[in-house]
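Novice: Sequence order for the protein chains is A and B.
Heads up: the first sequence begins at 1 in the working numbering, then just goes up one per residue.
Heads up: the second sequence begins at 1 in the working numbering, then just goes up one per residue.
For the record, the hints were derived by calculation from the structure and aren't laboratory data.
All figures in this text were calculated on a predicted structure; none of them were measured in a lab.
Cβ coordinates follow ideal geometry from the N, Cα and C atoms, glycine included.
Among these hints, one or two may not hold up.
Computed spacing ranges between beta-carbons, pair by pair [as the list claims (entries may be wrong)]: (1) Gly331(B) to Thr328(A): 24 to 34 Å; (2) Phe15(A) to Glu300(B): 35 to 45 Å; (3) Ala146(A) to Asp315(B): 36 to 46 Å; (4) Leu267(A) to Gly331(B): 49 to 59 Å; (5) Pro386(B) to Arg256(A): 34 to 44 Å; (6) Ala16(B) to Val307(A): 30 to 40 Å; (7) Ala146(A) to Arg211(B): 28 to 38 Å; (8) Thr20(B) to Gly110(A): 23 to 33 Å; (9) Ala216(B) to Gly110(A): 25 to 35 Å; (10) Phe273(B) to Leu313(A): 54 to 64 Å; (11) Ala420(B) to Leu210(A): 21 to 31 Å; (12) Gly110(A) to Asp212(B): 47 to 57 Å; (13) Asn165(B) to Gly317(A): 39 to 49 Å; (14) Pro290(B) to Val307(A): 53 to 63 Å.
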Amino acid sequence: MTIDLAFVWAGIIAFAVLAYVILDGFDLGIGILFPAIKNPQDRDTAIDSIAPVWDGNETWLVLGGGGLFAVFPLAYAVVLPALYMPITLMLLALVFRGVAFEFRHRTVRGRRFWDGAFAGGSMVAALCQGIALGALVQGIHIEGRAYAGGWWDWLTPFSILTGLALVAGYALLGATWLISKTQDDLQARCFRWALPLGAAMLAFIVAVSLATPLLNPVYAERWFAWPAVLYAAPVPLLVAAVSLAFWRAIRRRAERLPFLLALALFLLSYIGLGISLYPHIVPPSLTIWDAAAPESSLKFLLAGGAVLLPIILAYTGYAYWVFRGKVTPGSGYHH
Amino acid sequence: MPDLFDALMLARFQFAFVITFHIVFPAFSIGLASYLAVLEGLWLWTGRDVYLRVFRYWLKIFALVFGMGVVSGVVLSYQIGTNWGPYADRTGPILGPLMGYEVLTAFFLEAGFLGVMLFGMNRVGRGLHFFATTMVAVGTLISAFWILSANSWMQTPAGYEIAPNGQFVPVDWWAAVFNPSFPYRLAHMVLAAYLTTALVVGAVGAWHLLRDRENAAARTMFSMAMWMAALVAPVQIVVGDFHGLNTLKHQPAKIAAMEGHFETHRGAPLILFGLPDMEAETTRYAIEIPKLGSLILTHEWDGELKGLKEWPRQDRPNATIVFWSFRIMVGIGVLMVMLGLWSLFGRWRSTLYATPWLHRFAVAMGPSGFIAVIAGWVTTEVGRQPWTVYGLMRTSESVSPIATPAVATSLATFAVVYFAVFGAGVFYLLRLMRRPPSVDEPAPTPAPDVAKPALAGGAVGRLATEEPAP
C-alpha cells in the first residue's frame, strides 16, 4: 500500500491554516474590539491576555505560507500573485499591529497612536484574510503554470462578504477569549457583545453558505449530490446546535464554554469550506495532486514534520498553560 | 540598461528593500539572544547581581528588536510568492522544505519560549526560565542554519535535477542542504551577528562609561563586548577570506566584480580604490598594488584571475555596486579589529574603563555592524545577478506577471510604512539605550499575579531582590 503523500500534506496544511485562524483569530479579534474598550486599564488587561502568545499564534501563518511553498509550490506560485493586493495589505496591517504590542509601552504621548495601529492593523488584516479566502473560493484564472488574471480580480461582492464575515468571526473569538481571561467590568462588557457578534457570525455563515453553491456548479454538486449529502447535511445541523448552545452559555454566564463554542463554529465553517473545495487547492483547475511537489520533497519534510509537530503542539500548550487563568490588572509588562 | 521602472526592476527594488530592513533585526536578535542566555547563565552560576541587571536591561531591548524582526519576517515569507511566483514554482521543491524546516525547528521554538522569557520569570522558576532563554537563543541559530542553507543553494545549487516541467527536483538532500558555499556563509553570518551585537552592547556600555565610569553594569557590558570584538573580529576576517576563496571557485564572475577586474590577468593587481564602469568595461581612477590580487586570492604571485570580459555582457553582475559594497564591509571589519586591539591594550594597562577616546571610538562603532552586514549581503546578492539560481535560472524568468502599477504602489507603500514604523522603533530603542543601567533595574515582569499563585512556590516571587544560593 502506498501512502498518498499529497493527501497527507493537504491535511497538515489544512490543520496549520485552521490553527492559525483560531489562534491568531482571537488575538486579532481583540484588536477589532479595541476601539470599544475605552478604559486604559482594560486595554492593558486585554493586551496582557495575548502578549505572551500572539507571536506563536502568528507563526502558524508562516507555516501555512512556508508549508504551501514547500509541498504545493505551484499553488503558492499562482495564488499569491492573484491575491497580490489583499495579501500585501494584510502583511502591512500585521506590521502595524505586531509592533504595537511593544511600542505602546514605550511611549506615553504616542500610545493613542499605537493603540490605533493595533486596532486598525487587526481589522485590516482580518478583512484582507477574509477577502483572500473569498477570492480563492470564487476561483483563480491560470494559464500554463502562472496566474493569468488581472490585479483587481479578487474584488467581488462575494469576497467582500467573506471579508466582513471573518472580521465578525474574529471579533466573536476575541470577545469570548476575553470572557474567559478577564473579570468584572471588561468581562461584563464582553458578555454583552457576545450575543450580537454570535448572531452576526451566524448570519454570515448562512449568507456565505447560500452564495457558495451559486459560484460554481461543482460546489453545489459536492453538497447536494447523492451520497455527498449524507456527510454534508450534518454540518448545517451542527451549526444550528452549536449556535443554540452558545446562546444558552452566554445567558447563564458560562466563562469558558462560549470560547469553545465559538471555536466549534469556526471548525464547522472550515469543514464546510473543505467540502466545497476538496480535492481542489486552487479552484477551478488545480487539485492537490496537480500542485504537489515531487515525492522526494514531500517525504523529506514529512519525516521531520511528523516528529516536530507534536513537539511544537506540546510546548505551545505548555506556554499557554504557564499563562493560564485570569489576567489581573498590572500583571503584564509595564515599566 | 534595463528600464528602472519596469515591473522586474520594481519587484527587485521591493525585495531588496524589505529584506534589507529585515536583516538588521535578526542580525541583532541572533547575537542578543545568545548574549542574554550567557548573562542569565552567568547570573545563575556566579550569583553576581550585576549580570541580572545587565540581563534585564537588554531583555527590554530584545523584546522590541525581536518584535520588529517577526513582523518584517512574515512579510518575506509571502513576498517570494507574491512577486516571484515562477521562481517559487520551480525552486519550491528544494527551497520550500528548507524554509519549512526553519519554521518547524526555529520559528515555533523561538515564539513558544519567547512569552516565558519575557513575561514568565515569576511564573516558572529560575531553571525553567533559563531554559526558555536558551531555547530562544538556540532557535535563532537554527533559523540562521536553514535560511543560509536556502540562500547558499541559490548561490551554489547542488543535489538537484531539473524535471520536464522546469522544477528543480531534489535527488540528494544532504548535498542540497550542505551545498558548497553553505558552511562558509553560515559561519560568516553568525559571526557577523555576534559582532554586530557586541558592537551595539559595547557602544551602549561606552556611552554610559563616558558619563559615569564607576557604573558596574556599564563596565560589564563594555568589557564583555570588547572581548567579543578582540577575539571574534580577527576570526571573522579569516572566515571571510575562506568564504572569498570558495566564491572564487564557484562564482568567479562575482569575485571579478568585487575586485573590479575586467581583463583576465596572470599576476593580477589588487585594486584598492577605483570606479568600475560597466559600459566602458574598465575600472577608472584605479589605485593598484601590483600582483597582490593574485597573491590574496590564489596564494601565488602569478596566479590567474578571470576578468568580467570572460562572460557575455548579459551574464555579468554589476561591478560598480559590489566593488564598493565589498570595500565598505572590509573597511569596517578592519576598524573592528583595531577597536579590539585597542581594548586589549587598555586591559593590559588597566585603563579599559578610563580611556574616553576608546569609549568614543566604541560609541562611533555602535552601528557599524549593521552597515557591514548590509554591505556584505549587497555584495553577495548583487554579485549573484543576473541569476536567482546561479547559472540556471535568470532573475528575469523568476518574476511574477504582476501589473507594473501594482508593484509600484506596493513598493511605495512598503517604503512609507517601513520608514515610519521601524523609524519609530529605532527611536524607542535609542531611548531605552540612553537610560543608564541602574542598580534597581526594573524587572520586565511584575510582582506575582495574585489571581494565580506561581507554580514553583514562593521562591520565584522573590527573584528580583533575593541573593541566589551559592
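Novice: Output the numbers, in ascending order, of every earlier hint that fails for this structure.
Specialist: When the structure is compared with the hints, numbers 1, 2, 3, 5, 7, 11, 12 turn out to be violated.
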